[in-house]
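Below are the chains, spelled out letter by letter.
Protein chains: 2
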Amino acid sequence: MVTATLVQRLIDSKYEDLPEQTLIEAKRSLLNWLGVAIGAAWHPSMDMVMGLADTVGGKAQATVLGRGVKTDILFAALLNGMSSHIFDFDDTLLETVLHPSAPVYPAILSYAELKGLTGKDVLQAFVLGCEVEERLALSLYPSHYWRGWHITGTVGTVGAAAAIAKLQGLDHLRFSYAIGLAATEPTGLREMFGTMTKPFHPGKAAMNGLMAALLAESGFTSSTQSLEAKRGYGHVLSEEPKFERVTDRWGETWEILKNSYKPFASGIVTHPAIDGAVRIRNKHSILPEQVASIELEVHPLVEELTGKTNPQTGLEGKFSVYHCTAVGLIDGKAGVKQFSDERVKDERVVALRDKIRLSVNREMQEDQALIRATLNDGRVIEEFIEHAIGSMDVPMTNAQLEEKFYDVTADVLPADKQKQLVELVWEFDKLEDLSQFFALCSK
Amino acid sequence: MVTATLVQRLIDSKYEDLPEQTLIEAKRSLLNWLGVAIGAAWHPSMDMVMGLADTVGGKAQATVLGRGVKTDILFAALLNGMSSHIFDFDDTLLETVLHPSAPVYPAILSYAELKGLTGKDVLQAFVLGCEVEERLALSLYPSHYWRGWHITGTVGTVGAAAAIAKLQGLDHLRFSYAIGLAATEPTGLREMFGTMTKPFHPGKAAMNGLMAALLAESGFTSSTQSLEAKRGYGHVLSEEPKFERVTDRWGETWEILKNSYKPFASGIVTHPAIDGAVRIRNKHSILPEQVASIELEVHPLVEELTGKTNPQTGLEGKFSVYHCTAVGLIDGKAGVKQFSDERVKDERVVALRDKIRLSVNREMQEDQALIRATLNDGRVIEEFIEHAIGSMDVPMTNAQLEEKFYDVTADVLPADKQKQLVELVWEFDKLEDLSQFFALCSK
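These protein sequence lines map, in sequence, to chains A and B. The opening residue of the first sequence carries number 1 in full-length UniProt numbering; numbering runs sequentially from there. The opening residue of the second sequence carries number 1 in full-length UniProt numbering; numbering runs sequentially from there.
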């Protein structure tokens, strides 16, 4: 009954019944997701998929964000899903390591552009698609993830299909077919992490989910109990599927409210130290040349995962809490540019990095850090981070999300378009026509 | 090392080194596969996918077999892969229930048509793609299948990617990427059996495998150890992956030689009884009106799975050994048409069906049956089937494959095209240009 119940709840759901806070979070997710999607639009892997899209030569139906071209709706979903996960800088449901926006928003935007839908349509579909994939993630986790599945790809497909089926207004039977067609294509092995295939997973999830819903709309049949059947999605993909998580308390709790956004482009264990460095910089306006030494007290995992003292490439920089802290103090941020090969080799960054000493404090929580800077003039400045920015306890503010958006899209969009886009996202529920929005997404 | 070894063996393989028998079996597989693909070309599910292909509107690059149109290479692979599995009448590797041609031939034909390749190219790519998927199937089976995976979709993707990568002549690294990109998209849950989504699986496998190889060719990166890694394909998809089956004795044994073809369009347990009925008809030229009664002695599974005495639809007819035997005796075959709703309700068929009595013989093997017809004039005619036609012991002859081809394509192709196609398939290794072949595949 899980599939049937889920489908009925999705069919019954009305825009008016969605709590205001879910729509606000959908906009915050959109701003964060859109920024990283536009920012990575010209990554070499995007050129490769764009090349394939050109080879098959579908109609110009949906915008490839940041690239100023349209391609067919399926390839647009794949491309936008991929680009938004390339920086590893998209949103996260921390409990399950799911990245909810990357598979769902691209499918919705492809379909919305094709059909001329409104901002409200998009937001509603996202809240529901997000709810589906997050509940599915919670039902499959943890054995699913630990077995080796990239959960963003596997549940994202179903979330995307559900979002589109809602937009299509499918009847119960066809809605179930859409879920079934999506469920039969779980995409993504964790073995692919570190290669271009990782961001390919949410992209393919968006493409497959959209395709599933489009086929279901035409009456293409599938199982109507795909999630709970003996040889269906839940039992095949998890050792202990918790089906009650899929539908229990539907409408009372909203998983989207737990969506979190990364303020820094490195792994989450480095965030407390960076947060501390940024605060010291912002409060005291010190230059790196004024610093005699820095002591960092951190959770043991920080040293274990990011203890690289002498990184040589941008990617290695992400695994060096020394580099992370140094750029935090010099640049006041740790975005995509702080992890370029050039930045890692920058003289001032290297000089400051070498002044940092790390000590492990087993009493500390993972989202805590203490940073103590001794200046040349003898002053000692200290910051204790109780909960790093971006954690559930200290979510990024709208202003911080805007700043991140400006930062990650700086190389792709002119300033005026950045500004207009940010304004449009906050007013997204008022957009009757999305064409201006799509036009602003490229230079 | 499994992935690396497999890739190296595929790269090193030369057409000249393939045993003659593998190429003959590739042609037999092609004839069988092509017939069922063309025969089901106008199934409603094909119209639905064709509709989606038209919506996205890719270039006319590759032929949709039986429909007289071209669409883009990806959708052509999907459509041809689907149609060839709709009748459930395609080839089988009996040990693993894998249907090897449905995911691999469509990908190869799409690519070959786009690039103007030769018949030899196609046959070589099929032998190798088939070898890859069959060895993978043997390495994952049985836990993979029993957990709920539709093995034709899951291993077919990798087989298709390998076949295309061979045609592309990829270097070792890019060939590994193609395998990795395919491995990360296992498609197909057994829960979908009985719906249009079942044949969708090999179609999507063909589409995804082709796409994987095309992306890998452009340098799209993936894992180079996708099959054997801790969180890779084998361990995620099977409880006891037997990696040695993937590469051991490569070049000494050829799995394609075990490919079997179904002579009758119903489940395999009914085949011995049908075989017996056809033989009685052919030897004695009796009319159903001459028959007083028929006794069938069969393996217990026959009654359990196909004991329906009064079927009302074509599909139910497949689960009635009474109907199967009756059409075998009247029509001398049990092809797609013998399982139409009309045929199941035909007066002569019903009259003969009602004269059949079933008895279970626990001593019998699954591929055995005894049929004893008592005629009105008192004569008793008996046939004991020791191994049913289509089993490994009594493979279908070329003439029988031709007859099946004529039968399944009769509604789609005119007789002259049928004849020319059959001739072309037997001469496939001599085709320098496939355009005539593709032109013959539709009315």
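Mixed in with the good hints there might be a few duds.
Since the list gives no way to pick out one identical chain from another, each pair is judged satisfied if it fits inside one copy or across any two copies.
To be verified - When the alpha-carbon atoms are kept at most 25 Å apart in a straight line, the in silico SDA-like pairs for lysine to any residue are as follows: (1) LYS70 x GLY219; (2) LYS430 x GLU342; (3) LYS242 x MET1; (4) LYS283 x ASP12; (5) LYS333 x GLU402; (6) LYS419 x ASP433; (7) LYS308 x LEU114; (8) LYS283 x LEU424; (9) LYS230 x PRO142; (10) LYS419 x PHE87; (11) LYS59 x MET48; (12) LYS258 x GLU289; (13) LYS242 x ASP47; (14) LYS308 x VAL360; (15) LYS70 x HIS172.
What the hints contain is simulated information worked out from the structure, not anything from laboratory work.
Now the hints, each set against the structure:
no., hint, result
1, LYS70 x GLY219, "between (28 Å within a copy, 23 Å between copies)"
2, LYS430 x GLU342, "neither (42 Å within a copy, 57 Å between copies)"
3, LYS242 x MET1, "within (13 Å within a copy, 37 Å between copies)"
4, LYS283 x ASP12, "neither (51 Å within a copy, 64 Å between copies)"
5, LYS333 x GLU402, "within (13 Å within a copy, 71 Å between copies)"
6, LYS419 x ASP433, "within (19 Å within a copy, 57 Å between copies)"
7, LYS308 x LEU114, "neither (48 Å within a copy, 49 Å between copies)"
8, LYS283 x LEU424, "neither (32 Å within a copy, 81 Å between copies)"
9, LYS230 x PRO142, "both (20 Å within a copy, 17 Å between copies)"
10, LYS419 x PHE87, "within (22 Å within a copy, 57 Å between copies)"
11, LYS59 x MET48, "both (18 Å within a copy, 18 Å between copies)"
12, LYS258 x GLU289, "neither (40 Å within a copy, 74 Å between copies)"
13, LYS242 x ASP47, "neither (40 Å within a copy, 38 Å between copies)"
14, LYS308 x VAL360, "within (14 Å within a copy, 73 Å between copies)"
15, LYS70 x HIS172, "neither (33 Å within a copy, 34 Å between copies)"
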